[in-house]
Amino acid sequence: MNEREQASEKATPVLEVKDLVAEYGEMRILEGISFSVYKGEILVVLGKSGCGKSTLLRNITRLVEPVSGSVKYWGREVTNLEEDELYGILRRIGISYQGGALFNSMPVFDNVALPLRERTNLPEETIKALVMIKLSLVGLADAAYYMPSDISGGMRKRAGVARALALDPELLFFDEPSAGLDPVTASGLDHLIIDLRRLLGVTIVAVTHELDSIKTIADRVLMLDNGGMVFLGTLAEALACEKPVVKNFFTRGEFV
Amino acid sequence: MKLMFGRAGLAEELHIKATGELNLEAGQALFEDVKKRLTVGGGSLVLDLQDVRKIDSLGGTWILRIKHYAASLGARFEYRGATGLVSEYLRMIAPGIEYMDKEPPRNPGIFERLGDTYYKVKQECTEARNLVIDVLYWTFMAPFGKKGLRWQIVMDELHEMGVRAIGIVVLLNYLLGFIVSMLAAAQVRNWGASIYVADLVAIGFARELAPIMTSVIVSARSGAAIAAEMATMEVQEEIDALKGMGFNVSYFLIAPKVVAMVLAMPCLVVIAMAAGVWGGLHVAIFILGMDSGMWIRESILSLQIGDMIQGLLKSLVFAVIIVLVGCHNGMHVTGGARGVGLVTTRSVVMDIFFIVTSDVIFATLFYYTF
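Order-wise, the sequence lines are chains A and B.
Our numbering applies: residue -4 is where the first sequence begins, and numbers increase by one.
Our numbering applies: residue 495 is where the second sequence begins, and numbers increase by one.
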């Protein structure tokens, strides 16, 4: 890749969402959502419970089809894309779900190995080594052969992250990464997100309403309220923002 | 990526220096060269990563494989000199290097499995006995308690287990009646005894076919649903929530199902008996060319009240079996979604086993009493 191509890739957003509208049944959940995420940054989508954060994640990862609007990955429109082409793009994306979403019928090792076995032609020895690396990254190398039902919620979440990392994604989505975890485990997971960006150069979009996590990991924040965007900017700008809804969120409701 | 090799220090130490970017290709080249140069029983292998400026996951896998290979030849392995992000990355994946050689836990041997099965069966029998006692107590005592039985739930269950099952029960018993009549008619018509097929169908359905067929249908329909419902409640901690709020699960969840099933099953069996006779009647009319009035009269005359009682008595026991087996299995689910599927299957298989087994006991009992 020459310098011009490298510069062009840097300028092209990894993810670009424009005028996204999402509905749940007959109910409109999100309207007029537009934002971009650039290579190597961590964007945190935040807002009160039920404001549509997870719905936004489901729409931009094409788990559900948006009602209207545009979603582009690396400059490529993915709404109405053929399944084969979509999988080509999803191959470069990892998603870590709220509860880990592990398959209970197989051990942690096989959960992480699944995408490698199904989506690559790597020999089993390399897959074994890769799985151990991914589990080491999330601190679960010693739990490789446990069944998901035998490990704690925090460990399941981290195993889910290891599975999301299996194919070395360039873009990682986290749905409520530290929700429901004790402060030590939650902080560990936040630092893991930062390490992943620093060591692997992964671009990250995290959906959360945990204030401590937001302050630890966010480069930029996107705040949702009542189905629309109320703020998009850096963390420092968000902390200094005078909009009541933003200020209220960051002062834990002390500001009225 | 440039590789430089040399033996440094002690003669048995193989010193390998890697430079540049350690990725899939570079790692593979490194591994191939290690394989060529490291000899059996060679003392130690040192990987110098001082000049490696970048490493990715696939590059990391080759370090793990080199370590594994060195260990297989009895050589000590270490890497040195990594700096910056490479060093941090290697620090993070270090546990993987340590646990790489750890084998999955071995499967238990035959005696361990036998012993395990013995204790599991023993424990399951105890739990099943406790459940039966608890459920029967609450089923009979709840209506007399302060709160009474949850009749609204009983009505809902009655609708789900009984009313909604009528269609399939009628259809399958009608078809079975049709089949049995044709089979029997083929055997007896040469002797001019076709009319006795009516007796066979009426008595057969009243005593045996209607209760068994209906129980199997209800087991597949409602028994599986009960097991899946209870298992999902267990997985989602709803049962724990009930216990935590001080509710008795047998009273709150199971007793209404038992009452509903005990009410629904005899009704379904009576409907099944009628459907079976109706299927036989159609064979008589359309295939054997008999008069429908004669067939119905013969059916009624052949039937004794004892035949009906036998069928209905069985159906009550089958009803209790279906609910208890479903609840017992559902509440012992482990392992999430797959576990729910497994207990549902297990529940239906156990239902059919216990229904047939208890039917054998009934058949023996009735043989000597009626």
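Quick caveat, the hints were computed from the structure, so don't treat them as lab data.
Accuracy of the hints is not assured; some may be wrong.
Covered by chain B, according to a simulated footprint, are these stretches of chain A (three or more residues, beta-carbon under 8 Å) [unchecked claim]:
no. : segment
1   : 10 to 22
2   : 98 to 105
3   : 125 to 132
4   : 188 to 202
5   : 235 to 245
Note that beta-carbon positions come from the ideal geometry of N, C-alpha and C, so glycine has one too.
Quick rundown of the hints versus the structure:
{"no.": "1", "hint": "10 to 22", "in the structure": "violated (count 0)"}
{"no.": "2", "hint": "98 to 105", "in the structure": "holds (count 5)"}
{"no.": "3", "hint": "125 to 132", "in the structure": "holds (count 7)"}
{"no.": "4", "hint": "188 to 202", "in the structure": "holds (count 4)"}
{"no.": "5", "hint": "235 to 245", "in the structure": "violated (count 0)"}
In summary, the structure is inconsistent with hints 1, 5 from the numbered list given earlier, while agreeing with the others.
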